[in-house]
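Chains as they are written, first to last, in the working numbering: chain A, 1 to 254; chain B, 1 to 300; chain C, 1 to 375.
What the hints contain is simulated information worked out from the structure, not anything from laboratory work. A hint or two may mislead.
Partner residues aside, some chain A positions facing chain C, computed with beta carbon under 10 Å [claimed, not checked]:
1) Phe84
2) Arg88
3) Leu89
4) Val101
5) Gln103
6) Arg106
7) Val115
8) Leu128
9) Ala156
10) Gln157
11) Gly216
12) Asp219
Built from N, CA and C at the ideal position, the CB exists for glycine as well.
Now for the letters of each chain:
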Amino acid sequence: MQLLTVKSLSKQFGGIRAIEDVSFGVKAGDILSIIGPNGAGKTTLFNCLTGFMRPTRGSILLTDRELSALPPDSIGRLGIARTFQNIRLFREMTVLENILVAQHARIRYGVVSAVLRSTAYKDEEKSLREKAVEYLELLGLEALAAKPSGSLAYGAQRKIEIARALATGAGLILLDEPTAGMNPLETDEMMALISNLRVMGKTVLLIEHDMKVVMGISDRIVVLDHGVKIAEGSPPEIRSDPLVIEAYLGRETH
Amino acid sequence: MLLQQLINGLTLGGVYALIALGYTMVYGILELINFAHGEIYMLGAYLGIIILAFLTAAGLTAYSLPLSLFITLVLTVLFCSSYGFTIEKIAYRPLRNAPRLSPLISAIGVSIFLQNYVMLTQGATDKVFPSVLGSGGFEFFSTRVTYLQAAIIAASGIIMVLLHLFVMKTKTGKAMRCVAQDKVMASLVGIDIDRVISITFIIGSGLAAVAGVMVALYYGLVNYSIGYSAGIKAFTAAVLGGIGSIPGAMLGGVVLGLAESLGASYISSEYKDAYAFVILIIILLLKPEGLLGKRREEKI
Amino acid sequence: MNGMTMKRSFLFRSLIIPLWISFLFLPFKGLLPAAVLFVVLSVTIPLSKALAGYLKEIRLPDLRLTRFVPAGDRLGLLLLVPALLLPFAGDNYITDIATLAGIYIILALGLNVVVGYTGLLNLGFVAFYAIGAYGYALLNTRLGLGFWSAMPLSVLSATAAGFLLAVPAVRLRGDYLALVTLGFGEIVRLILNNWDSFTKGPNGINGIAAPQVLDIQIGKISLYYYLVLVFVLVTVFVMRRVQDSKTGRAWIAIREDEIASAAMGISTTWHKLSSCAFGAFWAGLAGTLFAAKMRFVSPESFTFMESVLVLCMVIIGGLGSIVGVIVGALVLVLLPEVLREVQMYRMLALGCGLVFLMIFRPQGLFGGKHAASDR
Chain A
1 MQLLTVKSLS KQFGGIRAIE DVSFGVKAGD ILSIIGPNGA GKTTLFNCLT
51 GFMRPTRGSI LLTDRELSAL PPDSIGRLGI ARTFQNIRLF REMTVLENIL
101 VAQHARIRYG VVSAVLRSTA YKDEEKSLRE KAVEYLELLG LEALAAKPSG
151 SLAYGAQRKI EIARALATGA GLILLDEPTA GMNPLETDEM MALISNLRVM
201 GKTVLLIEHD MKVVMGISDR IVVLDHGVKI AEGSPPEIRS DPLVIEAYLG
251 RETH
Chain B
1 MLLQQLINGL TLGGVYALIA LGYTMVYGIL ELINFAHGEI YMLGAYLGII
51 ILAFLTAAGL TAYSLPLSLF ITLVLTVLFC SSYGFTIEKI AYRPLRNAPR
101 LSPLISAIGV SIFLQNYVML TQGATDKVFP SVLGSGGFEF FSTRVTYLQA
151 AIIAASGIIM VLLHLFVMKT KTGKAMRCVA QDKVMASLVG IDIDRVISIT
201 FIIGSGLAAV AGVMVALYYG LVNYSIGYSA GIKAFTAAVL GGIGSIPGAM
251 LGGVVLGLAE SLGASYISSE YKDAYAFVIL IIILLLKPEG LLGKRREEKI
Chain C
1 MNGMTMKRSF LFRSLIIPLW ISFLFLPFKG LLPAAVLFVV LSVTIPLSKA
51 LAGYLKEIRL PDLRLTRFVP AGDRLGLLLL VPALLLPFAG DNYITDIATL
101 AGIYIILALG LNVVVGYTGL LNLGFVAFYA IGAYGYALLN TRLGLGFWSA
151 MPLSVLSATA AGFLLAVPAV RLRGDYLALV TLGFGEIVRL ILNNWDSFTK
201 GPNGINGIAA PQVLDIQIGK ISLYYYLVLV FVLVTVFVMR RVQDSKTGRA
251 WIAIREDEIA SAAMGISTTW HKLSSCAFGA FWAGLAGTLF AAKMRFVSPE
301 SFTFMESVLV LCMVIIGGLG SIVGVIVGAL VLVLLPEVLR EVQMYRMLAL
351 GCGLVFLMIF RPQGLFGGKH AASDR
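In isolation and in its complexed conformation, chain A is listed as follows (with noise of 0.2 Å):
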């Protein structure tokens, strides 16, 4: 089943074109890569699929729902939850109340409720609090529960990100470049860690500079160059594929 599916979708900033009629779909329960290289319009594609641009043309539909035109947190209610390349953490909160307000959308109770401590809050407020130390636990962060978020080590906001998109509930998620500033080992980690999702029936969709975690995990991979799509297919069509050697991983040397 296709869950998510973009048409020629183009975004221009002024004059500049920072996306160009690009097409695509991912079906539900993949891992989706999009790669290409600095300035190819990855993140401004995360950005309008998550409300937080308004693409120029093109449509953008979840399932059958059509999302273009919808606020971020609109889309966030629907189903599609995200990480930023540079980590959007509640800094002052501990982790746990980081995947507390992640869960924010599926609370009943009202303030007046709240207000009179009634069933209905407390009841709910421990239910949540026991998903979250779910979520912690199975990302491994449990002992950090307590902890600032902002005070951890890198790798540790990176897991927090994820343990907090998935707290939304949603069955999308879009992460920016999880492994950027990790090391050898961390990133093996996370690349297990990406893959488990798939096993909890999450589908993807990842923008990724470590060619090994593309290449290791995605079912397919989108590749993007100036903004426009250059290619698209499994990895091993992607690796031989003359167009993106030439354009992308030709001018990569390294």
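With the hints as your guide, set chains B and C onto chain A.
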């Protein structure tokens, strides 16, 4: 009547524009609303009075009025620039990387401090400017323009042009524009950012000092509280013209001065001070980039 | 550090900085005071620098209140006993000041919702306080409404004003929002000052009735003190529970990172609006209580400086911390009363204090780094 109001408005506008430049330059570079900038203007007005009174007592004014005024202006600019320089060093520099609202709150602190500093040292009552200038003037289309009004309008115009040339043509000016656009890039190409920021404060404060002296001469009296409302009005002028833009500050100042002077005579003078706030709110809500400014996109 | 640079930095601190500051001071007070200032500074600046060095060595104690008192409740109960007994101390003057402090606590806790939780800098918060106060004053003197029937209306009008102002304003970036709220505050004051036929202008409105509880006229300050105390307790109670709800968490999340909050499915617009309205609600309540206490209102009580003062209460205690805000309000109301002689220098010190607070303890005196969730 209308022409008279236009001239009054233009005079006022010139003063607002001079103060607005300080806001616009600092905001362009630091993205900080320098709340204390209005107080620098107030300091300028006080220092003008103090220095001119001193020179008069020393007998220089009787000897040569223009020389006396010139020295007053130079010394006031010197002092105010020093104040601006010092304030930036003490109250803003340590907060360069703090959350966005911290320097703004610090600036409010500086503003309160300076107001009370002047009130305690100079008294809470109005201070009267030694009347050294006659009320001489000339007729212009059967409207009376005092020499002072003409001087204020001319001086603010000339200063504006000079500043524009400075920013566009000189090496320091180019460095300022560079820092305003991208601090990281600027430091990579070897621009000393701290120095550029200091220069910005020195120039901005100097311009506010000129405005202060001229207003003190124009109205003949000052009070420690004049900085607050003049500051807000000048900030409004800066936002109106498009914050970060030097011609914008000029345009905004003139528009605001005219609006205030025409509004006071044709709508209601009781709400004279409210016009600036109303304009500020409307412009921020409808067109926050101002008349001549550019829209900035926030990075995600 | 070698001897040369050490000597030079000592010279810099003990000579050049004092000389520079005295030079700036010179024209305002003349030669002799400037010389005195120079001597004072050249002693105090190196001394405080050295002292700061030693202080760093012995580590600054963590001033977080929760550190000392594991449960905020215990502290609260501890404070409640003297608070209940206060009027029996017999001094009406003290009771009067304490009543005023209680009103400021409610007001500051309201502003804390907007600034401390949601991170929206409001520089015209006193406008809602004014609407609450004038609301009761006008309803009482013109329509003859009593305290209890007027209060819902005056509080509601403040809340509505908070909400309506926020509708256009919350789209703005932080510092622009601050300026718009400042403008709004000034406009409200100018209207109160100039609309003579309605508000009696600068003369203000007098003859406002004191509230009545069960046929008892609460005119006496000791009785009124208890009324305010009850409202303070209600405010703290509600505030804590809202803070621990999904709404409170969403507000704090927006302060921490608006973009990430939106990505989590939180409607940032709605929560900013609700925060502004909720904050204004308490300002309206505080205003109503203020009008009923003074039995007189005038525009003079609602200046920009008043907004700044309330902001200082919130910042000094520690943004987002209920205990901190209460302490901040108490300090700023009581200190000038205790130190009458220094009242002249109060604002001067407040200005300095704000600057140094931002530089050295941006989390406030009593807020921990993690003040947002202290309980």
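Now for the hints, and whether the structure bears them out:
1. Phe84: 7 Å, holds
2. Arg88: 4 Å, holds
3. Leu89: Holds: closest Cβ of chain C sits about 7 Å from A/Leu89, inside 10 Å.
4. Val101: 5 Å, holds
5. Gln103: 8 Å, holds
6. Arg106: 9 Å, holds
7. Val115: 5 Å, holds
8. Leu128: 9 Å, holds
9. Ala156: At 17 Å from the nearest chain C Cβ, A/Ala156 fails the 10 Å test, so the hint is violated.
10. Gln157: Cβ of A/Gln157 sits 12 Å from chain C, so the hint is violated.
11. Gly216: 27 Å, violated
12. Asp219: 24 Å, violated
Checked against the numbered hints above, the structure violates hints 9, 10, 11 and 12; every other hint is satisfied.
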